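Using the sequences provided together with the hints, build the complete structure.
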Amino acid sequence: MTAPHVESHRPSAMGNDLRRFVDLTRTLAVTDFKLRYFGSFLGYLWSLIRPLMFFGVIYLVFSHVAKLGSDVEYYAVYLLTSIVLWTFFAETTNGALRSLINRENLLRKIRFPRLVIPLSVSLTAFFNLTVNLGAVLVLALASGVRPQLGWLEVPVLVALLFVLATGVGMLLSALYVRFRDLEPIWDVALQILFYGSPILYVASKYPDSVQHQLSASPIAAIFTQMRKAFIDSSAPSAAEMVGGTPRLLLPLGVIFGVFALGWWVFNREAPRIAENL
Amino acid sequence: MASTTPEHGTSTSTAIGEPVAISVRDVSKTFRIPHDRLLTLKERALHPVKARKGGYNLLHAVDDMSFDVGAGEFFGIVGRNGSGKSTLLKCIAGIYDTDRGEIGVRGRLSPFIELGVGFNPDLTARDNVIINAVMLGLSRQEARDRFDEIIAFAELEDFVDLRLKNYSSGMQVRLAFSVGIRVDADILLIDEVLAVGDAAFQQKCFEQFNRLKAEGRTIIFVTHDMYSVERYCDRVMLMENGRMVSIDVPETIAKKYNELNFGRIVEETPVDGAGDRYGDQAAAEVRDAWFEDGAGERVVAIAQGDPLQVCLEVGFHTTVEDPIFSVALRNEMRQTIFATSTEHEPPVGRFGAGETTLVRIAFENWLAPSLYSATPSVARAGPKGANVFDVREDLASVRVFGPRFSGGVADIPHSIEVERQ
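Each protein sequence line maps, in turn, to chains A and B. Numbering that gives the first Met the number 0 puts the last residue of the first sequence at 276; the count rises by one with no breaks. Numbering that gives the first Met the number 0 puts the last residue of the second sequence at 420; the count rises by one with no breaks.
There are no misleading hints in this set.
Derived DEER-like restraints, expressed as beta-carbon distance ranges:
no., chain 1, residue 1, chain 2, residue 2, range
1, B, GLN140, A, ASP180, 42 to 48 angstroms
2, B, GLU154, A, SER142, 54 to 60 angstroms
3, B, HIS59, A, ARG179, 25 to 31 angstroms
4, B, GLN140, A, LEU189, 38 to 44 angstroms
5, A, ASN15, B, VAL159, 31 to 37 angstroms
6, B, ARG125, A, VAL64, 49 to 55 angstroms
7, B, SER138, A, ASN266, 22 to 28 angstroms
Non-contacting residues of chain A with respect to chain B, defined by C-beta distances greater than 10 angstroms in every case (computed):
no., residue
8, LEU136
9, GLY256
10, TRP263
Calculated directly from the structure, the hints in this document are not laboratory data. Because the structure is a prediction, the values reported are computed rather than measured. Glycine included, each C-beta is placed from N, C-alpha and C at the ideal position.
The following block contains the structure:
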């Protein structure tokens, strides 16, 4: 008897067909994006309106009432940039958290690489980010920010944020299947991260005693470097804020460490996701 | 096509000379059913002991199964609810991981476990077709290339840009089915999808399955419906409690399945001996009654057409001359379908006190599929009709099963001639 050609047939995170993996991720992400914005009257604009409104309120409060940004060059641009980036991070992680549960009908009915689900959430959020960065660019140019060589760094910084958000997303989505109270826990964690990271303020506002430590969080480092590269080349770099270039290994280590952890946990859980839902 | 009868629940052979499309080797799948599932971190923190020990029951959904499906086979899997057939299908489909064993699959596999997976009501048919096709294994380019074909098969050319939520459910099913069928997988897994749709649609489905089969594709078909099993499958596997009972030709398996199924139902039906009892039983009593097949084995279920006999055991307390034994058969609708007695037979003779006699009434089993109960009685013959000693309503029962229900209470052998004038 001919032995059948045995390919790995278990449910897995990645599958063994990269083309299918990419096609699926793309299809799911594009569909989500379409669903969110094409069905409504204002379409794409909705993607913009939320962070813009948020930005408007924050800007009024912090530049005119709390005067947080009085000594920051292009504070409005920094605020919008960081809010847009933060929106991407929050959208990815929050979306990924619930993603496996939301796609239960797919997971229980069809065999496909499980990682497609949280990754498509990252991708949808990334589409939004691209649209929103367009608005940031308009505001930046209108505010007097001029193109500089540092802009070349922007894609790298966005990529790092993408890796971090996707890592957290993989971790959360796999764990949420087991622990359903992760949602409120992550809500609180996001709040802490939001106020603890240099979003409404810049990293140099941290108290001197803990400035190096707090600036070494991945989000702080990315946002700080973003400010220098994109908005104001005279602003301190991430390396300066953490106290020396070698210390940049810390945020980088966290970014890739979280990604590796998320990857490992997701791979471990992937074969049994369908039955644990 | 040749078939094999396995010994002791394991079979490794397919029809001779066929390459194997799917091989299942020693596969087991067990689910833990926790008594008290800890779904949150809080609970785990509060009950660390319970979290570690965690009482649970093991459910052996698939228990050490091995079999092969040959390329080009139409292979049926039948079994009662909870027998593990859907879990097995999900293991083959690669949706569930197996605990032990190996499943080998050759070729692209398309699961029809549910039609229209991933369909979104807010998107147009066009978008949904592409998404569904990609989910089922096509590349985006292939999906776009086959789009027209899919829409044509579903006969929905005029509704391509309509959102799915404005489709009727029948249109949605048609669309979903055409996507599934046009993915052109080498192996199709079909789980009761044909329960949906009208008769004409089901007919169309099976025509497609036969077309695919003729093209050498392999089809695994999970169902309860013995009629379609007998009509389409080459070989069928019967499952019970996560194990394979046997693999055989459809006719044999359909019979076994019905025995298994209806045997259980009859056991659970409180008909036996539950009925009323009349008469004083002073002179004679009906002690027991049961059904037997042609070989004299007691049965609670039997296939239509198989010889059937109803037996009664009668005990006498005094001497009785020429008693009359009779029995009446009622169906589920409580209609008396058949009754007979020894009244108009030659006299049966004298029975003495303390004597026990066995009466066996054999008949050709033309009964329509239903549950039948027998009401036996014994009576004294007299000039003014029978004087009843003992009547026991619904003392025994038998389930008659058949491939289809004709609508009549009996299926009398007949011939039909159609003569054109």
